[in-house]
Structures are given as C-alpha cells and as structure tokens.
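Construct the entire structure; sequences and hints are all you get.
Going down the list, the sequences are from chains A and B. First residue of the first sequence: 1, per the working numbering; consecutive thereafter. First residue of the second sequence: 1001, per the working numbering; consecutive thereafter.
You may find that some hints are simply not true.
Stated by the list, open to error - In silico negatives: residues of chain A with every beta carbon more than 12 Å from chain B:
no., residue
1, L40
2, L288
3, L331
4, P450
5, V543
As the list claims (entries may be wrong) - Straight-line C-alpha distance at most 20 Å; calculated SDA-like pairs for lysine to any residue:
no., chain 1, residue 1, chain 2, residue 2
6, A, K293, B, K1088
7, A, K105, B, R1082
8, B, K1088, A, L331
9, A, K293, B, S1134
10, B, K1236, B, R1221
11, A, K105, A, G47
12, B, K1088, A, A294
13, A, K105, B, E1131
14, A, K321, B, L1070
15, B, K1172, B, R1082
16, A, K105, B, S1134
17, B, K1088, A, L325
As the list claims (entries may be wrong) - Quick partial rundown of chain A residues pointing at chain B, CB under 10 Å, derived from the structure:
no., residue
18, P319
19, R330
20, M406
21, L408
The hints are simulated quantities; they were obtained by calculation from the structure and are not laboratory data. Don't be surprised by glycine CBs; every beta carbon is placed ideally from N, CA and C.
Here is what each chain is made of, one letter per residue.
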Amino acid sequence: MTIEVARSQPSLWTVLTPKWRGVIARVRQERTGSRTKFVLLALTGLGFWTAVFGVAYRVLSYIERVQDLGTLLAGKMLGVILLAFLSILLLSNVITALSTFFLAKDLDLLVAAPIGWFRLYLSKLFETVVHSSWMVGLLALPILTAYGIVFSGGLLFPFVAAAAIVPYLVLPAVAGTIFTVILVNVFPARRTRELLGLVGLGAMAVLVLLLRFIRPEQLARPEGFRNFVDYLTALKAPTSPWLPSEWSAEMIMNWLTRVADPWPIVKLWVIGGLAVAAGAAVHRRFFLLGYSKAQEGAARKVRRPLRGPAARVLGWLPPQKREFLFKDARLFFRDNTQWSQLILLVVLLMIYIFNIKSLPIHSGERVPFALITVISFLNLGLAGFVLAAVAARFIFPGISLEGRQMWLLRSSPLDPRAMLWSKYWMGTVPLLVLAIGITALTNSLLKVSPFMMAVSLVTIVLYTMAVSALALAFGVFYPQFGTENAAQIPTSFGGIVYMMASLCLLAIVIMVEAIPVTAQLRAWQRGDQLQATPELVGSALLVVGICATATLVPLRLSARRLELMEW
Amino acid sequence: MIRLTELTKRYGKFTAVDGIDLDVPRGELFGLLGPNGAGKTTSIRMIAGILRPTSGTVTVGGIDIQARPLEAKARLGYIPDRPFVYDKLTGGEFLRFAAALYGMQGAAVERRIDELLGLFDLGPWKGELTESYSHGMRQKLIIAGALVHRPEVIVVDEPMVGLDPKSARLLKELFREFVSRGGTVLMSTHTMEIAEVMCDRIAIVYRGKIAAQGTMPELRRQTSSEGMGLEDLFLKLTGGHHTPPLDAVLDA
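Structure, rendered in structure tokens:
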C-alpha cells in the first residue's frame, strides 16, 4: 500500500487543481450571483480594450505612413512599451514570489505531500507568472492586436505574438523566484521586510536610469538630433539588447516586416528554457531550507509598538475609533504583502513625474495654448488615475482584510459606521496628501496658470474624497474574505469594477469642467480678468455635487450593507 | 438572561436552526450538545449577533439583539470555536483593541490585560506577534479577550479545543466561579464529560431542533433512560449508537 502511494506522484495538473477549480467556482458564483454584474464587467472591459486598441491603432496607422521610418519607429515603440512592462513585471514577480513560495497557506499541504521538488517548483512558478503578469497580458493584448492589424500580420500573427510574449513573461518570473529564494536563505526571514525595501529602492534607481538612458521623448523630436543619420542610428539601435523585451519586440516586428531572422526566437526560448532550469536548480538546492527559515522567522517581538505620540495626537477620538486606526496602521506596516505594494506605488509615481518632466513643451519654441490646456487636463486625468489605482491597492482591501476576525467586530458593540469611519480616514488622509502633492508638483513642472492650478487642486481633493469612498464601498460589496495575499485583493472582480467606476467618475468630472475652464483660460491668455461666468459657477457646483454624491452615497450604502452582513 | 424565541435560520432550502425556544436564567451554566451540523454553532452565532435569524428573536438581559444590537452586545463576551486573531498584533495589542471595542481605555484596561495574560500564562508573550502563538495560546487569548470588558454573559463555542489540561481545568473553574457570582454562560461542546460535570442544564440539539433539555435527571426522565450517562443518552437521541463497519476502511 505504502509503495503504491510513494510511486504515484500527483501530476502538475493535479497540484494546480485547487487554483483552477477556485477560478471556475468564482466565475460560476459571480454568474449565478448577478447577471447585471457580469454584463457590466463585460461592457466596461470591452470599452477599456476598445479604447486602448483605438489609441494604439491610430498612433500606429500614423507612424506606419511615415516613409522609411515607419516600421523602425513602430519597432522602437514596441520595445519601449515592453521594457516598461518588464520593469513592472520584475518588481511584481519578486513580491508575488515571496507570497507564493513562502507565505501561501497551501504550502504546508504541498510540502508535506509526496510531490517532487520539480513539480512543486513548476506549479509555484506557474502561479507566480499568472498572478504577476495577467494585467500586463490583458493590456498587451489590444496593443499587439493593433500591431497585427496595422502591419497586416495575418492569421498566424496571434500565435507568433503568443510565442514572443510567453517567454517574455516567464523570464522575469524566474528571475523573481530565484531572487526571492536566495533572499530568504541568505538573510533571516524576519529581515525580508527591510530587504524588500532595499530591493525596491534599487529597482527604482535602475528603472529611472533606464528611462533616462532611453529618453523615448527624443524619438518624437527629430529636430533634437544633429542630422537625419543620427536620428536613424538612434532608431535602429536596440533599446536594451540584453533584455527579453527587446527580443520579443524584435520577434514580433520581424514577423510583421517579413524579416527572416531566427535569432530573437532562439534567444527567447533557449534562454527562457535555461532560466527555468536554473530556477529549478536553485529551488532544489535552497527552497526547503528557506521555507523552514521563513517559518522560524515568524516569532518576533515588536520593536516599535506605535503608541506614545500617536496616542496623544489622536487622544480626542473615542477609544473604538482610535484603536481601530492604530490597529489598521500596525497591520499595514507589519505585513510585508501590504506595505511592499508601496514600492510599486513609488515606481508608478516616479514614472509619472518623470514623464511629465520630460514633456517637450517648455523647451524654447512657442507652444500652442490649446496644447497646454489639453496637457493640463490630461495631467488631472493621469493624477486621478494614479489616485484611483492607489485607492484600489490600499483602501479597497480594507474590509476584506478583516475577514476571519470579523467575529470579534460583529460580536462587539462596535457601530459599523465607526468601522467605516476609521477605514475611510485611514485611507483618505494619506491619499489626500499624495493627491495634493503630485498635482501641485506636476502642475508646477508644466508651468500651468494659477487658475488652472487652483482648479486642479480643488478637483483632485474632491475626487480623492469620492474615490476613497468608492474604493471602500466596492470593498464592502465585493469582499474577498480569507484571501492569502493582500496584494491579490485589488485584482478581484470587485477591484476591477471599482477601477472602472472611479475612471468613469474621473471622465465625467473632467468633461464637466473642461469647456468652461478652457474658456476662462483663453480669456486669461488674452489678458482679460477672470470672471465667475454662469457656466463656470454651474460646472463648479455640478462637480461638487457629483463628487459629494459619489462620496456620501457609497458610504451610506456600505454602512447599511455592513449592518446586514453575516459571517 | 438569554432567551431564544422560535429562533430559525435558513440557508436557501436548508434549515440549520428550526424554531428553537430556550431560556437561560442569570447565574446558570447552560450546555448545548449535538452532533456535527446540528445547528449549535449557528445558534451561538445568532446569539452573539454575528448571524441574523431568518425568524424569531434573541434577547440578552431583556434586550433584543436585532432591535438594539449595541446595547445587547455590550453585555456579551463571545468565544468562537476557531481562534482567528490578527496575526500582526501582539497579544497585548489584541486585548487592548478588544477592550476598546467595548469603549474601555486607560490604566484600568492595562491592569486588566496584565491580569488576564497572567491568568492564562501568556504574560511572557504579551509583546510577541500572535502569528507565533500556538493554537492553544490563541484560544486562551480570545478567552481573555471575551473577559476583558467584564461581561454579564459569556457565549462560548467549543471552549476546550486546543487547550492543555491545566488551561482546561482553569477554564472550568473560571466558568463555575463566573456563574456563582451571577454571570451566565451558554456553552456548546462535544465533550460529554465536561457537559455532565460543568453544566447546570443541558439541551441536546439534533437537526436544528432541541431534542431534549433540562438537568441530567430531567433529561433521563424525558428520554426514559434511567441510569444512563450523558454519552449514552446523547447517542440514543441522535441515533449514533451504531458504529459503521471499519474493515473496508482499514484493510489494505
């Protein structure tokens, strides 16, 4: 009996069963739950893809018509896009690998079961790739479709694109797993938190250097080069010849331009295969040791228990609310899977600010007024997008994270409104600081008018209040109790619907403001005094009304929902 | 002190608790017994205000928990069957948070925390994150959490699971002492010896209904089981006398 058990090692498919079955069960649950929800997601998803596809298609159609340079520019653009994705993938893979390889709750079961090391490695690698790359995959899909259509890739193009993208996604995942396994082994697990901070800083520095080195904005300004040959040389030179993003871009562009060059394919797949083998070897040598160490590291004393000054500052609050704020702050800063997302946030912000700084609008030539106005609104939109994404990461999971401890909250005389209050302000105050900071900074970089600065600041404050309430409310209505990793909560169904709702709100606010504000700016440029025209006052009141509604209604609905919720 | 009237809970077509009536007076330790899936935990969670009844009422000290939940819950201390606590809080922080949920703060709370941690031998672990606690330590921590605000009523689901013999004895003494001072305990358990020794009265729940309730002699009378111990009486009422054949499971 025992011999039979030892011989029959479960297949990779069996090991992954709880994962794919879980996905199917969730989809079924959602489908039976509400048809409206499904239709809403399908429509908004389709809308999002269509928008990305539309922009990519228009840009590529324009570029393709540029004589001699069209394909070179398109190839360069694809290389830069994939490089940007790669930097995000590298970071998110390190963070995801730490969860899947060392913190996941199924590890005890898998490590205790008669599963070979290679199968365990492959299953966890697969999980890491899926969790860290699906967003990038979804975003790349409409872009690559646009490439395929504009350059007439033919029916086989989807297969070529898939063959170029799969190893491109696997390589950073392998790098992430190797790095994490070594990290956990070399340093005590209790130091992982500090180390991840360092990794984040290092990765950011590399990223900024990379972006500085590439200077993609130069390619849009041929006049910046000494002569045409220099420009052509810059276009022809590979952006990053040692990175898989370049190989994938080359492979795709070779197919689209009918160039028979097997090297990018060979590089991608051979190096991809070798990397998986190397990752497996590292896993075999170090995983069990690291896994054991990671568990030993669980016991630790708290060095900074976060009381004293904070307790004095918040002393005026009733104990329920105050201790709730303390508790949430402690849980956030002590949980690697939560605070480490700040690294992604900082990277996102740096790219954003760097891009604004690099815009060639104040480089000497006179820039049309319309362009500055469009860029100002675009900046407002971008800041809004960044804030919505931050709220998705940090406010949306708030209720889900209470999960298994909800018995304590629900059996106590805690008013659900007090819980919402604490969660709301815990997320909104830092978000407001961030919102005001980035809006003021980027608008200063853009040298916008004082009026536009004021409009942007007031709008972003109102929008932040609303977006925090939306994030919290969607978190209440679509909770993910019992999740293993806080980083995965924002990418759930509710998280995606929240992102779409908050982006719709952003679009509405900007649309309401755009026309009267542009009219004022035009008058200001002509030298006229600013006037409180009925259109301006009306649009301001409308924006206040929309944002106030989007703040108060979701909070009220959430309080009601929390009261009725069962555990 | 605790009164359940026609308490019912349905999940779709399945009825987990089917019109239970129960009255637990002040100063009584009441035991809820039943096989797995009988509806004990569902009943206890409704009493604690975590689940909403489909119909019927729960009152704690005369206060309807649905109509005035905050007032009713302020009198309760709830100990769940599974000790889920915040992994990234220390034992001391968890108890401070639990006390704050009941509106308590200040030096008195700190003294109470030390007192309870000392009672359950958790004093040296006060500053450690609970993720490093064993199951039994977590269980003791949530028991301490339920006592931190000095409740009038304790509702407890399977209190002895995971406790070492010393802690189990401590808890038994604690509950007896608590009821002797006028407190009320409603406890669900699978351990017949504990129920028989500790409880003033017992209700046996089977398929969502109360099959029998009363003191041990009353239960024997109701079920015509003179001279029977609680285990036999329980098995008689819940049809668990026949052990299925084990050969097929254990043979190679």
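Checked hints:
Against chain B, the non-interface label of L40 of chain A holds: every CB pair exceeds 12 Å, the least being about 25 Å. Consistency note on L288 of chain A: stated as away from chain B, and its beta-carbon is indeed over 12 Å from all of that chain's, at 21 Å minimum. Not every beta carbon of chain B lies more than 12 Å from that of L331 of chain A, the smallest distance being close to 5 Å; the non-interface claim is violated. In this structure P450 of chain A is separated from chain B by more than 12 Å, as the shortest Cβ-Cβ distance comes to about 45 Å.
For V543 of chain A, the condition that its CB be more than 12 Å from all CB atoms of chain B holds, with the nearest at approximately 37 Å. Distance restraint check for K293 of chain A and K1088 of chain B: the Cα-Cα separation of roughly 18 Å lies within the 20 Å cut-off, and the hinted pair is therefore satisfied. The suggested pairing of K105 of chain A with R1082 of chain B holds, with an alpha-carbon distance near 17 Å, which does not exceed 20 Å. At most 20 Å may separate the alpha-carbon atoms for a hinted pair to count; K1088 of chain B and L331 of chain A meet this at roughly 6 Å.
Under the criterion of a C-alpha separation no larger than 20 Å, the hint pairing K293 of chain A with S1134 of chain B is consistent with the structure, at around 18 Å. Under the criterion of a C-alpha separation no larger than 20 Å, the hint pairing K1236 of chain B with R1221 of chain B is consistent with the structure, at around 13 Å. The suggested pairing of K105 of chain A with G47 of chain A is violated, with an alpha-carbon distance near 36 Å, which exceeds 20 Å. The straight-line distance between the Cα atoms of K1088 of chain B and A294 of chain A is roughly 15 Å, inside the 20 Å bound, and the hint therefore holds.
Restraint check: the Cα-Cα separation between K105 of chain A and E1131 of chain B comes to about 13 Å, which is no more than 20 Å; the hinted pair holds. For the given pair, K321 of chain A sits about 15 Å from L1070 of chain B by alpha-carbon distance, which is consistent with the 20 Å threshold. For the hint pairing K1172 of chain B with R1082 of chain B, the CA-to-CA distance comes to about 19 Å; that is within 20 Å, so the pair holds. Using a Cα cut-off of 20 Å, the hinted pair K105 of chain A and S1134 of chain B holds, with the two alpha carbons roughly 16 Å apart.
Using a Cα cut-off of 20 Å, the hinted pair K1088 of chain B and L325 of chain A holds, with the two alpha carbons roughly 14 Å apart. This hint holds: P319 of chain A has a C-beta 4 Å from the nearest C-beta of chain B, less than the 10 Å allowed. The closest approach between the C-beta of R330 of chain A and any C-beta of chain B is roughly 6 Å, which is under the 10 Å cut-off, so the hint is satisfied. For M406 of chain A, the interface hint holds, the least distance from its beta-carbon to any beta-carbon of chain B being 8 Å, beneath 10 Å.
Interface restraint check: L408 of chain A against chain B, minimum CB-CB distance 7 Å, threshold 10 Å, status holds.
In summary, the structure is inconsistent with hints 3, 11 from the numbered list given earlier, while agreeing with the others.
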